[in-house]
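So the sequence lines, in the order shown, correspond to chains A and B. Start counting the first sequence at 1; every next residue gets the next number (this note's numbering). Start counting the second sequence at 1; every next residue gets the next number (this note's numbering).
Think of the hints as simulated: they come from the structure by calculation, not from any bench. As the structure is a computational prediction, the values presented were derived from the model and not from experiment. For each residue, glycine too, the CB sits at the ideal point set by N, CA and C. Heads up, some of the hints might be wrong.
[Stated by the list, open to error] Just so you have them, the derived chain B footprint on chain A, three or more residues with Cβ under 8 Å:
| no. | segment |
| --- | --- |
| 1 | 187-197 |
| 2 | 211-224 |
[Claimed, not checked] Result set (EDC-like, lysine to aspartate or glutamate): computed pairs, CA atoms no more than 20 Å apart in a straight line:
| no. | chain 1 | residue 1 | chain 2 | residue 2 |
| --- | --- | --- | --- | --- |
| 3 | A | LYS208 | B | ASP123 |
| 4 | B | LYS262 | B | GLU287 |
| 5 | B | LYS149 | B | GLU213 |
| 6 | A | LYS39 | A | ASP291 |
| 7 | B | LYS323 | B | GLU233 |
| 8 | B | LYS27 | B | ASP110 |
| 9 | B | LYS212 | B | ASP196 |
| 10 | B | LYS102 | A | ASP134 |
| 11 | B | LYS262 | B | ASP123 |
| 12 | A | LYS205 | B | GLU95 |
| 13 | B | LYS102 | B | GLU59 |
| 14 | A | LYS208 | B | GLU95 |
| 15 | A | LYS205 | B | ASP123 |
| 16 | B | LYS212 | B | GLU287 |
| 17 | B | LYS212 | B | ASP224 |
| 18 | B | LYS102 | B | ASP88 |
| 19 | B | LYS262 | B | ASP209 |
| 20 | B | LYS102 | A | GLU194 |
[To be verified] DEER-style ranges, computed between Cβ atoms:
| no. | chain 1 | residue 1 | chain 2 | residue 2 | range |
| --- | --- | --- | --- | --- | --- |
| 21 | A | SER138 | B | VAL32 | 14 to 24 Å |
| 22 | A | VAL159 | B | ASP88 | 52 to 62 Å |
| 23 | A | ALA43 | B | PRO76 | 23 to 33 Å |
| 24 | B | SER198 | A | PHE211 | 20 to 30 Å |
| 25 | A | VAL159 | B | ILE292 | 33 to 43 Å |
| 26 | A | PHE211 | B | GLY94 | 12 to 22 Å |
| 27 | A | ALA135 | B | ILE75 | 40 to 50 Å |
| 28 | A | LEU40 | B | ARG138 | 44 to 54 Å |
| 29 | A | PHE211 | B | ASP88 | 57 to 67 Å |
| 30 | A | ALA43 | B | SER198 | 28 to 38 Å |
| 31 | B | ILE292 | A | LEU40 | 47 to 57 Å |
| 32 | B | PRO117 | A | ARG130 | 51 to 61 Å |
| 33 | A | LEU165 | B | GLY86 | 37 to 47 Å |
| 34 | B | ILE75 | A | SER138 | 48 to 58 Å |
The primary structure of each chain is shown beneath.
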Amino acid sequence: MATTITAPPTTVTEYAGGTLAREQVSLWRDGWRRLRRNKLALAAVVYLGLLVVVAVIAFFWTPYKPNAIGTCDTYAVPSGAHPFGCDELGRDSLSRLMVGTQVSLAEGVGTAIIVLVVGVTVGLIAGYFRGTVDAVISLIINIFYGIPALLVALVLVVVLGQGLLNIMIAISATIWMDMARLVRGQTLSLREREFIEAARASGAKSGKILFGHIFPNAMGPIIVQATFVIPIAILTGAFLSFLGLGVPPPQADWGGMASEGVAAIRYVTHIVTFPSIALSVTLLAFNFFGDGLRDAFDPRQKR
Amino acid sequence: MSSATLPASTPQAAPAGEPLLRVVDVKKHFNVGVAATVKAVDGVSFEVREGETLGLVGESGCGKSTLGRLVTQLIPVTSGEVVFNGVDLTKLRGERLRQQRKQLQIIFQDPYASLDPRMTIGDIIAEPLMNFGLLRGRQKDAKVQELLKVVGLNPYFNNRYPHEFSGGQRQRIGIARALALNPKLIVCDEPVSALDVSIQAQIINLLEDLQKEFHLTYIFIAHDLSVVRHISERVMVMYLGKVVEVSPSEELYLSQEHPYTKALLSAIPVPDPRIESQRRLIELQGEIPSPINPPSGCRFHTRCPIARAPGICADQEPPLEEKAPGRWAACHFSDEVRTKV
Numbered sequence: 001m002a003t004t005i006t007a008p009p010t011t012v013t014e015y016a017g018g019t020l021a022r023e024q025v026s027l028w029r030d031g032w033r034r035l036r037r038n039k040l041a042l043a044a045v046v047y048l049g050l051l052v053v054v055a056v057i058a059f060f061w062t063p064y065k066p067n068a069i070g071t072c073d074t075y076a077v078p079s080g081a082h083p084f085g086c087d088e089l090g091r092d093s094l095s096r097l098m099v100g101t102q103v104s105l106a107e108g109v110g111t112a113i114i115v116l117v118v119g120v121t122v123g124l125i126a127g128y129f130r131g132t133v134d135a136v137i138s139l140i141i142n143i144f145y146g147i148p149a150l151l152v153a154l155v156l157v158v159v160l161g162q163g164l165l166n167i168m169i170a171i172s173a174t175i176w177m178d179m180a181r182l183v184r185g186q187t188l189s190l191r192e193r194e195f196i197e198a199a200r201a202s203g204a205k206s207g208k209i210l211f212g213h214i215f216p217n218a219m220g221p222i223i224v225q226a227t228f229v230i231p232i233a234i235l236t237g238a239f240l241s242f243l244g245l246g247v248p249p250p251q252a253d254w255g256g257m258a259s260e261g262v263a264a265i266r267y268v269t270h271i272v273t274f275p276s277i278a279l280s281v282t283l284l285a286f287n288f289f290g291d292g293l294r295d296a297f298d299p300r301q302k303r
Numbered sequence: 001m002s003s004a005t006l007p008a009s010t011p012q013a014a015p016a017g018e019p020l021l022r023v024v025d026v027k028k029h030f031n032v033g034v035a036a037t038v039k040a041v042d043g044v045s046f047e048v049r050e051g052e053t054l055g056l057v058g059e060s061g062c063g064k065s066t067l068g069r070l071v072t073q074l075i076p077v078t079s080g081e082v083v084f085n086g087v088d089l090t091k092l093r094g095e096r097l098r099q100q101r102k103q104l105q106i107i108f109q110d111p112y113a114s115l116d117p118r119m120t121i122g123d124i125i126a127e128p129l130m131n132f133g134l135l136r137g138r139q140k141d142a143k144v145q146e147l148l149k150v151v152g153l154n155p156y157f158n159n160r161y162p163h164e165f166s167g168g169q170r171q172r173i174g175i176a177r178a179l180a181l182n183p184k185l186i187v188c189d190e191p192v193s194a195l196d197v198s199i200q201a202q203i204i205n206l207l208e209d210l211q212k213e214f215h216l217t218y219i220f221i222a223h224d225l226s227v228v229r230h231i232s233e234r235v236m237v238m239y240l241g242k243v244v245e246v247s248p249s250e251e252l253y254l255s256q257e258h259p260y261t262k263a264l265l266s267a268i269p270v271p272d273p274r275i276e277s278q279r280r281l282i283e284l285q286g287e288i289p290s291p292i293n294p295p296s297g298c299r300f301h302t303r304c305p306i307a308r309a310p311g312i313c314a315d316q317e318p319p320l321e322e323k324a325p326g327r328w329a330a331c332h333f334s335d336e337v338r339t340k341v
């Protein structure tokens, strides 16, 4: 039955519309074009790129063994051999800082992925099926908003144990709600659009409508939201480490290093200074990048 | 089945055999707020024969688009039957309803909103085929290019996005999508009202050509009578969720049985300044009443130039009756429409 159209009609001799309205651009190309014009966001992209390079290099090479005690004098100030100085156990701070990059990036990106999967799924279901399903999900979201985030994270880390994955799960539990709410709202508005009705009329099932039509159309805001999750996750991870509930020692991470530095702040300041700077600049870069993405994906911008 | 078994309000006599579509006393009430319902469609019955075009006309808010969505079962009915090809669609759910969609397609009013902006037009047109797993790979691509050709678009536009096309071109894409499954009935929901006048004619001509070529049946919804005049064999006029007049198209333009139809027709400007200046316009008083609390009796009596209100028009709802062969109207005083309106 699908092949009964055989010959093109003789009535149409010429194609309607030779000219096209606009140059062909996809969502991604368009977004990247606008992002490039934002100098601050571009600088952030460059910095984050370098950070990833450092994290990868640290897997194979660091100036000293990051966990080796006594590579130099305890509390040694920055010098030629140890540009960032040494900590209270005589470990090289630069090497530890490099390895710490891995932990922070893993916490940030890993959490963002968990939040993406959970938040998008929950949000799509709540927004699409509405009714009782939505009411229950919204209630759960509001309960999570009601409990102090740090309390949830602390309890979960204590219950689950101090592994990197457990820390990511704990942090995700405190911030998945924003993503779920965003996706729910997007879904609620998108499901009323005429092209969704058109998809149903052409026989699309619910799964196809959710992941084939609604999700791609909500992609811009979702990516932006995920980008903002990363700095929050890194900061929360560092804070947990600062409280002694982060990745277990002797693994180096920025929050733990800052914590040790604070303990030694009466003698030397460099131990707390460098991880703090690294943390701050990274958070700033992710936020600039997120802002840049948000502007780039803003549908109202047509430049 | 003959029309004798249908409710008295069913307008036209059925031809030999079952009509393609039989809508029986369909109602759609939307709940709005506490204890308030919008009676968007309130007891409508009609039939559509295979191969014909039924024009559906009325003001904004009269329920014509809602009726189009009830026929295609994109929204469920509150009550009534939609018998398509001998199957009552209102009784079907899930997969069995989905299978019926192959036969029953819809073209939407807004060609900007009805195409997914994130999909290429090739994917948009192929979607119905994919949803039913009909064609794959090269065969599917060939079918898409064929459909693009059929609606008069360059077949090599298939990897472009909707925003690159003009309104008329997008409407052609919407038509190609509706054709992909070789449906029997297509509901055209104001397919040209978002387009420029010059483009409107092109799209209407295209729809007429496609009807001949693929033996399609149309329900053609429009808000003014001039658009449906040429494409429709019969025209059905709606007012506030009710059918007020059904008539063969050409006869309807010569004489009317319902004052509302007459008013609608008088609103069409004549493209000749001499005739236009002589012409008498029937101006309806006030706005279309709220469908939450429609007027009693005849729903049109609050704006009708010949209504007896208070009187029979405010008290009794006029039934849809055959006033002349093939001409149905719901008016207590249809004899007076020709002389007094």
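- prompt: Honestly, do SER198 (chain B) and PHE211 (chain A) meet the 20 to 30 Å range at C-beta?
  reply: Given about 40 Å between the Cβ atoms, the range is violated.
query: Does the Cβ distance between LEU40 (chain A) and ARG138 (chain B) fall inside 44 to 54 Å?
result: 48 Å, holds
query: Taken at face value, is the distance from the CA of GLU95 (chain B) to the CA of LYS208 (chain A) at most 20 Å?
result: 14 Å, holds
- prompt: Is it true that ALA135 (chain A) and ILE75 (chain B) lie within 40 to 50 Å of each other by Cβ?
  reply: Violated, at about 22 Å.
query: Is the distance from the Cβ of PRO117 (chain B) to the Cβ of ARG130 (chain A) consistent with 51 to 61 Å?
result: Violated, since PRO117 (chain B) and ARG130 (chain A) (Cβ atoms, about 23 Å apart) do not stay within the stated range.
task: Confirm or reject the coverage of the segment 211-224 of chain A by chain B under the rule of 3 or more residues with a beta carbon closer than 8 Å to the chain's beta carbons.
output: holds (count 4)
- prompt: Between LYS212 (chain B) and ASP196 (chain B), does the CA-CA distance stay at or below 20 Å?
  reply: Outside the cut-off at roughly 25 Å; violated.
message: I want to verify a distance hint. Is the separation of the beta carbons of ILE292 (chain B) and LEU40 (chain A) within 47 to 57 Å?
response: Holds - the Cβ-Cβ distance for ILE292 (chain B) and LEU40 (chain A), about 53 Å, lies within 47 to 57 Å.
query: Given the hinted pair LYS262 (chain B) and GLU287 (chain B), is their alpha-carbon gap at most 20 Å?
result: OK: LYS262 (chain B) and GLU287 (chain B) at ~17 Å, within 20 Å.
- request: Quickly compare the C-alpha distance for LYS27 (chain B) and ASP110 (chain B) to 20 Å and report which way the hint goes.
  value: Distance ~25 Å between LYS27 (chain B) and ASP110 (chain B) Cα, so the pair is violated.
- prompt: Are the Cα atoms of LYS262 (chain B) and ASP209 (chain B) separated by 20 Å or less?
  reply: 30 Å, violated
message: Check the hint pairing LYS212 (chain B) with ASP224 (chain B) against an upper bound of 20 Å on the C-alpha distance.
response: 24 Å, violated
This entry does not satisfy hints 8, 9, 10, 11, 13, 16, 17, 19, 23, 24, 25, 27, 29, 30, 32, 33, 34, going by the numbered hints stated previously.
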